[in-house]
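Fit chain to chain and form the complex, with the hints in mind.
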Amino acid sequence: GENVEQHPSTLSVQEGDSAVIKCTYSDSASNYFPWYKQELGKGPQLIIDIRSNVGEKKDQRIAVTLNKTAKHFSLHITETQPEDSAVYFCAAHDSWGKLQFGAGTQVVVTP
Amino acid sequence: ETGVTQSPTHLIKTRGQQVTLRCSSQSGHNTVSWYQQALGQGPQFIFQYYREEENGRGNFPPRFSGLQFPNYSSELNVNALELDDSALYLCASRMTGDNEQFFGPGTRLTVL
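Read top to bottom, the protein sequences are chains A and B. Add 100 to the 1-based position in the first sequence for the working numbering, that's all there is to it. Add 48 to the 1-based position in the second sequence for the working numbering, that's all there is to it.
Just so you know, the hints here were simulated from the structure itself, not pulled from any lab data. There's no promise every hint is true.
[What the hints assert, rightly or not] A few chain B residues facing chain A, derived, Cβ under 8 Å: (1) S81; (2) L138; (3) N147; (4) Q149; (5) F150; (6) G154.
[Claimed, not checked] DSSO-like, lysine-lysine: derived pairs with alpha carbons at most 30 Å apart: (7) K137/A x K61/B; (8) K122/A x K142/A; (9) K168/A x K122/A; (10) K157/A x K142/A; (11) K168/A x K158/A; (12) K142/A x K61/B.
Please read all numbers here as calculations on a predicted model, not as lab measurements. Glycine included, C-beta positions come from ideal geometry on N, C-alpha and C.
Excised from the complex, chain B in its bound form (with noise of 0.2 Å):
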């Protein structure tokens, strides 16, 4: 059974740019759900997806936006990036009726 799988491991962008993170769930695993860690905090919710669509929004702004394909692998887009939106990106995976959630390693992201 494959886990949850994340890329790129690391990125690092300037303000302003855009961002393309990728999420491929454990298999068997239809919902995914996406959060944010700063430094030295706990994971934040983002959005979760699923049947391809977002069905659960955290307080993020709209710049933040997702997808989630037919494989249900996902992606997260962050448009416009803050210096604030340095943090590591996690992607967490589970089927619809399960509680449990199971995280990939995570994207670190450093916006300069």
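Just chain A, same shape as in the assembly (with noise of 0.2 Å):
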């Protein structure tokens, strides 16, 4: 089945500094690639998704890359806020259509 690796787990960023957060993925199957954000005592709210026909998508200060050939996508954040304060998860939507999550990064923005 599908295995969803992520790194870093924790990342401290400066407020108005870039983030990013890497994953990769092993079933070469998976077409659609979402990410995350959770906010303490809720659940996970979708900020960005990517398919595999697409390499690189942007929705204002934040974009999702893919890079099929080596199996590995990320999120980047520009100018980071302190709300951009959270776990961040990325998936990979399997050949059997379940979504498979890596651990998560933790985030936190220091003004």
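As structure tokens, this is what we get:
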């Protein structure tokens, strides 16, 4: 089955700096890669996603890149703000239609 | 448009008991998935329901079972609770054919 690895597990950045989270996946049949943001006491919130026929997607301060050959994808957050502090999860939609999640990255943005 | 809702918010049970968690899918969504999220970890897929039938299951024992109703709402039942079942249980819904899954706030289950 699909296996998703996510790095780093924690990330501290100064407000205004950029944050990058990287994930790798194992199942070459996976074709959809969402990113979720989870705040304390809440469910995961979909923030951006990318499909396997696209290499890059951007939405304001958030961008995601996908390298199908290397089986890795990354989340980039620019101009970070304190409200970006949360746990971020990458996921891969496997050939059976279920999401396999990474272990998460705790992002802390300090003013 | 109403998002995914779950009840109850919190629940405390003792080992060996049974529990039922409930989920109402987002308006127009006909596929519901359940995930277990242990503290400090990513969500783990339990199973998925479409047209009132289970059509995908993760690595969870049979004491985890579910139902989907004609209005697409769903239940997760766990029998013979174990301490390791303590977790946040998340429900997610989507339209079949769409990839985007939207999560509810979760039910925090504590097993003592």
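Consistency of the hints with the structure:
1. S81: Holds. Min distance 7 Å.
2. L138: Status holds, d = 6 Å.
3. N147: holds (4 Å)
4. Q149: Check passed: Cβ of Q149/B comes within 6 Å of chain A, closer than 8 Å.
5. F150: holds (6 Å)
6. G154: Status holds, d = 5 Å.
7. K137/A x K61/B: Judged against 30 Å, a Cα distance of about 29 Å means the pair holds.
8. K122/A x K142/A: holds (23 Å)
9. K168/A x K122/A: holds (14 Å)
10. K157/A x K142/A: holds (26 Å)
11. K168/A x K158/A: holds (18 Å)
12. K142/A x K61/B: holds (21 Å)
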